[in-house]
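K.L.:
Heads up: the sequence shown is residues 62 to 199, going by our numbering.
In short, the hints are calculated from the structure, not lab data. Even for Gly, the Cβ is constructed at its ideal location relative to N, Cα and C. Some hints here could point you the wrong way.
In the PhoX-like style, the derived pairs of lysine-lysine whose C-alpha atoms are separated by at most 25 Å in a straight line are [as the list claims (entries may be wrong)]:
{"id": "1", "residue 1": "LYS65", "residue 2": "LYS93"}
{"id": "2", "residue 1": "LYS142", "residue 2": "LYS93"}
{"id": "3", "residue 1": "LYS77", "residue 2": "LYS116"}
{"id": "4", "residue 1": "LYS136", "residue 2": "LYS65"}
{"id": "5", "residue 1": "LYS65", "residue 2": "LYS78"}
{"id": "6", "residue 1": "LYS65", "residue 2": "LYS142"}
The following label-pair restraints were derived from C-beta to C-beta distances [as the list claims (entries may be wrong)]:
{"id": "7", "residue 1": "ALA123", "residue 2": "ASN144", "range": "34 to 40 Å"}
{"id": "8", "residue 1": "ASP85", "residue 2": "SER109", "range": "25 to 31 Å"}
{"id": "9", "residue 1": "ASN126", "residue 2": "PHE150", "range": "18 to 24 Å"}
{"id": "10", "residue 1": "LEU74", "residue 2": "VAL127", "range": "19 to 25 Å"}
{"id": "11", "residue 1": "LYS116", "residue 2": "ASN144", "range": "15 to 21 Å"}
{"id": "12", "residue 1": "VAL133", "residue 2": "SER109", "range": "20 to 26 Å"}
{"id": "13", "residue 1": "PRO121", "residue 2": "ASN91", "range": "28 to 34 Å"}
{"id": "14", "residue 1": "ASP128", "residue 2": "ASN91", "range": "17 to 23 Å"}
{"id": "15", "residue 1": "SER73", "residue 2": "THR151", "range": "19 to 25 Å"}
{"id": "16", "residue 1": "GLU107", "residue 2": "ALA75", "range": "16 to 22 Å"}
{"id": "17", "residue 1": "ALA123", "residue 2": "ASN91", "range": "29 to 35 Å"}
{"id": "18", "residue 1": "ASN126", "residue 2": "VAL106", "range": "31 to 37 Å"}
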Amino acid sequence: MNDKHIWVGYLSLANKKTLVASDDRVDTGNRKTLFLYNQERNDIVEYSREIIEAKLKAAPAADYNVDEIAAVYQKALRKTKPNVYRAVFTPNSGGSSGPKEKKARSVASDDNDSGDEIEMEDSFDMDDDSPADDSEGR
Numbered sequence: 062m063n064d065k066h067i068w069v070g071y072l073s074l075a076n077k078k079t080l081v082a083s084d085d086r087v088d089t090g091n092r093k094t095l096f097l098y099n100q101e102r103n104d105i106v107e108y109s110r111e112i113i114e115a116k117l118k119a120a121p122a123a124d125y126n127v128d129e130i131a132a133v134y135q136k137a138l139r140k141t142k143p144n145v146y147r148a149v150f151t152p153n154s155g156g157s158s159g160p161k162e163k164k165a166r167s168v169a170s171d172d173n174d175s176g177d178e179i180e181m182e183d184s185f186d187m188d189d190d191s192p193a194d195d196s197e198g199r
């Protein structure tokens, strides 16, 4: 798989190193924080960038399997932040793809001798208010 969005490194705190991972597609919504998969906790944790970035160091590729890390990262994200997971990893979820545009369909007019087509939106609704349908007998 070799996920190009995954960064793997070590978080060094005191005398302890913990393997962590981040995915550049996943955003906390706050530019001052970031989500990291913490292997020791087996969970996604939101960290302050100001505090944590100085304590991160990239891990050598020999220390981890990127496919396994990507899988556990997604599993932890799905458990901890299901809405974020759906927005990033579920196709057609409407996450970051933007609003869907309504398609216009082309309707040929019988009364138009020129053969031009009229564009009509799918949401267009016609009410039949013809006098022949008037059931009140006016």
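K.L.:
Between LYS142 and LYS93, is the straight-line Cα distance small enough, at 25 Å or below?
P.N.:
18 Å, holds
K.L.:
With 19 to 25 Å as the target window, see if LEU74 and VAL127 comply at their CB atoms.
P.N.:
Because 24 Å falls inside the window, the suggested range holds.
K.L.:
Given the hint of 19 to 25 Å, is the C-beta distance from SER73 to THR151 inside that range or not?
P.N.:
34 Å, violated
K.L.:
Starting from the range 29 to 35 Å, see whether the pair ALA123 and ASN91 falls in it by beta-carbon distance.
P.N.:
Since ALA123 and ASN91 have Cβ atoms about 34 Å apart, the given range 29 to 35 Å holds.
K.L.:
Using the C-beta atoms of VAL133 and SER109, is the stated range 20 to 26 Å upheld?
P.N.:
23 Å, holds
K.L.:
Are the Cα atoms of LYS65 and LYS93 separated by 25 Å or less?
P.N.:
The given pair, whose Cα atoms are some 23 Å apart, holds under the 25 Å limit.
K.L.:
I want to verify a distance hint. Is the separation of the beta carbons of ALA123 and ASN144 within 34 to 40 Å?
P.N.:
35 Å, holds
K.L.:
Do the beta carbons of ASN126 and VAL106 sit within 31 to 37 Å of each other?
P.N.:
21 Å, violated
K.L.:
Does the Cβ distance between ASP128 and ASN91 fall inside 17 to 23 Å?
P.N.:
29 Å, violated
K.L.:
Is it true that ASP85 and SER109 lie within 25 to 31 Å of each other by Cβ?
P.N.:
18 Å, violated
K.L.:
Taken at face value, is the distance from the CA of LYS78 to the CA of LYS65 at most 25 Å?
P.N.:
Status holds; Cα separation ~23 Å.
K.L.:
Holds or violated: 16 to 22 Å for the Cβ distance of GLU107 and ALA75?
P.N.:
21 Å, holds
Going down the numbered hints, you'll see the structure goes against 8, 11, 14, 15 and 18, while the others check out.
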